[in-house]
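Undergrad: Protein chains in written order, with this note's numbering: chain A, 1 to 104; chain B, 1 to 104; chain C, 1 to 104; chain D, 1 to 321; chain E, 1 to 321; chain F, 1 to 321.
Hints are supplied without guarantee of correctness; some may be wrong.
Result set (SDA-like, lysine to any residue): computed pairs, CA atoms no more than 20 angstroms apart in a straight line [claimed, not checked]:
| # | chain 1 | residue 1 | chain 2 | residue 2 |
| --- | --- | --- | --- | --- |
| 1 | E | K29 | F | L12 |
| 2 | B | K9 | C | T67 |
| 3 | A | K35 | B | E79 |
| 4 | F | K166 | E | T26 |
| 5 | E | K29 | F | L162 |
| 6 | C | K81 | B | G6 |
In case anyone wonders, no lab produced these hints; they're calculated from the structure.
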Amino acid sequence: MEPLPGMEKLKRVTIVAESVVSERIQEDVLRLGAKGYTTTHAEGRGSRGVRASEWEGHNVKLETIVTPEVAGKILKYMEDKYFQHFAVIAYTIDVEVIRAKKYR
Amino acid sequence: MEPLPGMEKLKRVTIVAESVVSERIQEDVLRLGAKGYTTTHAEGRGSRGVRASEWEGHNVKLETIVTPEVAGKILKYMEDKYFQHFAVIAYTIDVEVIRAKKYR
Amino acid sequence: MEPLPGMEKLKRVTIVAESVVSERIQEDVLRLGAKGYTTTHAEGRGSRGVRASEWEGHNVKLETIVTPEVAGKILKYMEDKYFQHFAVIAYTIDVEVIRAKKYR
Amino acid sequence: MSALDLVQLNLLSPPILCFLLGILATLVKSDLRIPESIYQALSIYLLLSIGIKGGAAIMASEGSAFLLPMGVAVLLTGLMPLWTYPVLRYLGRLSVVDAGAVAAHYASVSVVTFLAATTFLQALGEPYEGFLPALVALMEVPGIVVALLLVQRISGKSAPLLDSVKTVLAGKSVFLLLGGLLVGIIGGERGLLKVEPFFVAPFYGVLCIFLLEMGMVASRRFEDFGKVGPFLVVFGFLMPIIHALIGIYAGFLCGMTRGGSFVLGTLVASASYIAAPATIRLALPEANPGYYLTAALAITFPFNLTIGIPLYYALSGLFFS
Amino acid sequence: MSALDLVQLNLLSPPILCFLLGILATLVKSDLRIPESIYQALSIYLLLSIGIKGGAAIMASEGSAFLLPMGVAVLLTGLMPLWTYPVLRYLGRLSVVDAGAVAAHYASVSVVTFLAATTFLQALGEPYEGFLPALVALMEVPGIVVALLLVQRISGKSAPLLDSVKTVLAGKSVFLLLGGLLVGIIGGERGLLKVEPFFVAPFYGVLCIFLLEMGMVASRRFEDFGKVGPFLVVFGFLMPIIHALIGIYAGFLCGMTRGGSFVLGTLVASASYIAAPATIRLALPEANPGYYLTAALAITFPFNLTIGIPLYYALSGLFFS
Amino acid sequence: MSALDLVQLNLLSPPILCFLLGILATLVKSDLRIPESIYQALSIYLLLSIGIKGGAAIMASEGSAFLLPMGVAVLLTGLMPLWTYPVLRYLGRLSVVDAGAVAAHYASVSVVTFLAATTFLQALGEPYEGFLPALVALMEVPGIVVALLLVQRISGKSAPLLDSVKTVLAGKSVFLLLGGLLVGIIGGERGLLKVEPFFVAPFYGVLCIFLLEMGMVASRRFEDFGKVGPFLVVFGFLMPIIHALIGIYAGFLCGMTRGGSFVLGTLVASASYIAAPATIRLALPEANPGYYLTAALAITFPFNLTIGIPLYYALSGLFFS
Ligand SMILES: Nc1ncnc2c1ncn2[C@@H]1O[C@H](COP(=O)(O)O)[C@@H](O)[C@H]1O
Ligand SMILES: Nc1ncnc2c1ncn2[C@@H]1O[C@H](COP(=O)(O)O)[C@@H](O)[C@H]1O
Ligand SMILES: Nc1ncnc2c1ncn2[C@@H]1O[C@H](COP(=O)(O)O)[C@@H](O)[C@H]1O
Ligand code: NA
Ligand code: NA
Ligand code: NA
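Just chain A, same shape as in the assembly (with noise of 0.2 angstroms):
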């Protein structure tokens, strides 16, 4: 499909993770040169089964909007930081936006 007129190409990068490493991902990602986010709370099932606990509440997903190059250093940080230990997916979609700048 055609990019509407006027409109950009981005990257989504979508992070789903367990609530008890949250706020250190939406921290790490701001560092890695997102210049911001979207959060919802969520719950879901994988292959890792058990998390920290309820009271902790259940999982974040986080959205950021970023340029191709930062997509990248997410996706490599959460691998090499996350993947292992935390119940942790990311993954990148592509989007059109209006001003790309403020995303840059």
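Here the structure of chain A is known, so what remains is to put chains B, C, D, E and F with the ligands in place on it, guided by the hints.
TA: Below, chains B, C, D, E and F with the ligands alone, put in the same frame as chain A:
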């Protein structure tokens, strides 16, 4: 990636907005031609920082599947009406749906 | 847009359903081959209007990252089983993931 | 007390005032919302509390005075689809599933209507049987099952009836009522005493907040009146009155007090908008919720809450005097 | 009682201790969070409860003693933008919309500050007029409207004023206060009695949890002090003191008790951080929330809650002795 | 009272009945859910309430009778990893981190088990020291820290220990307990009086709803029994009994009442499933939550709540008679 057989391509417009304007945006979106929408409670960080107040709640994320034409209209409207003064972002993603006529 | 280096393309299926059927759909999705899913509470407007009741809660949005084959199966199943009588929509988006084998 | 006094007594109690306030909130387009999780917490509180009080009351009651009324109430509720279904199908010209679905709702009961009825009696100073909350739990299910059986019979297709029975029994509203009953029966008076400051004393205040929300929920559906057609609107107002009379008379025959018979009548008159919709949605997905929910929630429920309750009390005077 | 005793009496009450605990939670970076839905439920509870109590008190009060204080309070509140706006615009050099926005906040009232003031009086054993909660409801709106009118006048552009008035009146905080008032007035003493164990007895405990959250909310904005500039910080501390004196004196002139005058003074001194921000955000979107929210919520609110209340009480001694 | 009477007294109290009801809800696959925000609100309420009551009790207690028991309790808790770790590592053949993680949980305490123990004493009419809630707050942390130190020592890698201590101290459960203590100590008896109708009277009712949820949470993990292996299952049942004896004896030596010693024993016997899991997940991410959570939450917690409490009380008779 090729579309799955029998599916058609449409646009999904995502709008994240501070709650004080979210009900208005829901009406706007329908008026501009969307046939439906889905909202979730969200929190977030961006460049503008402060919101109206905690009592108003945080952000609302709205997702609506529409034709490219309607998508263009919605983004244009968001830009004209909300971007300057309100904490609002909007972007589109390509999606594939079955029975596209539900969204036209 | 080119995929980021080292990433593979998969499909993300999104299903928004009235809560009364959401637990069933979660089981369906796993049975049809998904390795996990993420759910969030959602509200929405569509063509069908009324739901079972407020007491049941609103909608549930489910997102699952799967291979194109599984995505096709899930959409087909939703169409056959739920589209006629329940307030359910489903669509797919292309995503890029690291370590795709987690989702196979 | 004159009929007008009764209406006034009912309308001016804080819970009903809060219900009207909820309707007002919708009318003036207020942005007031009760968060979904709070609504659920309030429901859990009310249901568990009713159950526990009912259970403790059963244990406190002497002998087995409650057995006859209970049996009659369950029977009555089970029989209701036998006349509501034909009325809906042939007078109302609803389809088989829609008629069955609406019948199921009127053959079950509304917990909040029950609470409003007992609140009314307390304001009046009129006594009633302590075991009545147990009735609510028992009257929720049978009518739904019978209505489903009926549809299955008539339409010839074998709906997953056993599944439906399980759904409704394990459904949260019935589970909490029955579970509360158990806790009340086992824990007894002494158990109730410990939890009284939580489950009993603040009850009417909690009910106020709940009815505030119910007012908003019901009035958001007022605009659907047009869609359901005139028959269902009339049905939603008239049927409860007939049912109330049947219920009051049944209570009278069982030797219940005037207060208890009035509550039984109100229960019979009420239509479920919690247990029934959830079950019906899954068991009869092709039935239109626009019919059954609008009738039960936007017509019969507000009618009972405001006019029905004082009316049924006045009517109970026909039998007791 | 010495000034220090008063400060201590205020600071050591559980609600204020919980407020300080909330500030501490932010300072030590605790992961404690009050879920948004709970915060909303607590607000609904507090607002409705204040309204109901105020309404019942009006019904219980003899004659129309409340009319004069009410009129004066509304007038005072409506006049406030006439001096706060110029101060902000010319001394503070804020833009027209920013000055108007801040003025609107200080010309409305803070419900929680009101509650803290009455808690303080109760700890002191000092009586006050029962109809005061009704004042809160009436003082929320007029100042906001006048401030908006002023901005409209000066900037020449016609803001959708009617819309704003509707927004603030149908807004949940005003709706609940006025709605509660109605329930209290219509339901009367007798209605209050039934809901007393929910709406009255646990009130101060609920206030504790609410203030725990408010402490976290306010302290999260402490870091914005730098951004608003020194003028607004000074304004946020000094203006309330001047306003308190005006309010106390007005109460005195109306013949109110010392307690009542002190509460009126505290109300006048308080700045809205609920009704005003929501309305202003929509009516004056170009105004910077960084100014008005920081001033109202992070400066004036904590100041009033901790130092202001005992100070205003001490000051009220100037008029009553 | 015979052992059976004790078991019955415990099992038939409304809170424990609600816990069993929660287990039942999972078994019958009910769709009952306590929303996450409500669960969090109930926790905040319970923790703050325990803290405030403990604090007020300390202020009310004469002299410093609480110092010795407190010191002993903290010491005991800090020492526990020294024997639980080797047992888990060498008898149970868990890895270093897993053994350390499980040890940390058993060296901390369960707040809800504490509440169940005091509920039991109240039903029994047996007195106990008022300062016990303060013990809970103090016993949560030391054992976790010692267990982490141990793992660090043995595995040789320097875990961010200071970070962990900060995490657990600023973590919401410890923060609320200690914060409540402060509010109780500073506000004193008089402060408690004002908030009593909220924080004290409805407490057992709130505990019922909380335990309903805990029953569902715990039973959802019952199926993991298989995964943890027979050793951990046995450990989860036996270790608490040994720990209870140690705790009761320690209380006895400190000159505490029978009730107080029993509560201390129950605290020592309990395993944390709130403060510990959150801390361990971050400090030892490679430890398997499948081990520590299942043992603490699905084995030891339900065991203590149902059988353990009456058993420990009976055992306390060995020392006091
Ligand atoms: N295939 C998937 N699709 C969508 N979300 C997933 C998938 N697998 C895992 N998740 C999410 O990621 C979280 C952690 O997964 P896991 O580490 O596999 O337990 C889960 O709780 C889900 O919310
Ligand atoms: N780069 C971004 N990615 C995702 N969400 C964003 C981003 N920037 C802003 N947002 C969302 O949009 C809201 C408003 O942003 P802002 O107007 O920049 O304060 C924020 O609260 C976020 O929820
Ligand atoms: N065009 C749309 N875009 C996004 N979500 C939609 C759309 N149409 C329907 N939905 C969602 O799907 C649910 C069911 O829709 P419906 O069956 O049309 O009532 C709605 O409540 C919305 O959450
Ligand atoms: Na009925
Ligand atoms: Na003011
Ligand atoms: Na322990």
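Undergrad: Hint check: K81(C) vs G6(B), CA-CA at most 20 angstroms. Holds or violated?
TA: Since the Cα atoms of K81(C) and G6(B) sit roughly 17 angstroms apart, the hinted pair holds (cutoff 20 angstroms).
Undergrad: For the pair supplied as a hint, K166(F) and T26(E), confirm whether the alpha-carbon distance does not exceed 20 angstroms.
TA: Given pair K166(F), T26(E) holds - Cα atoms ~14 angstroms apart, limit 20 angstroms.
Undergrad: Check whether the Cα positions of K35(A) and E79(B) lie no farther apart than 20 angstroms.
TA: holds (19 angstroms)
Undergrad: Between K29(E) and L12(F), is the straight-line Cα distance small enough, at 20 angstroms or below?
TA: Status violated; Cα separation ~42 angstroms.
Undergrad: Under the criterion that the straight-line Cα-Cα distance not exceed 20 angstroms, is the pair K9(B), T67(C) satisfied?
TA: Roughly 18 angstroms between the alpha carbons, so the hint for K9(B) and T67(C) holds.
Undergrad: Starting from K29(E), check that the Cα of L162(F) is at most 20 angstroms away, please.
TA: holds (15 angstroms)
Hint violations for this structure: number 1 only, all remaining hints satisfied.
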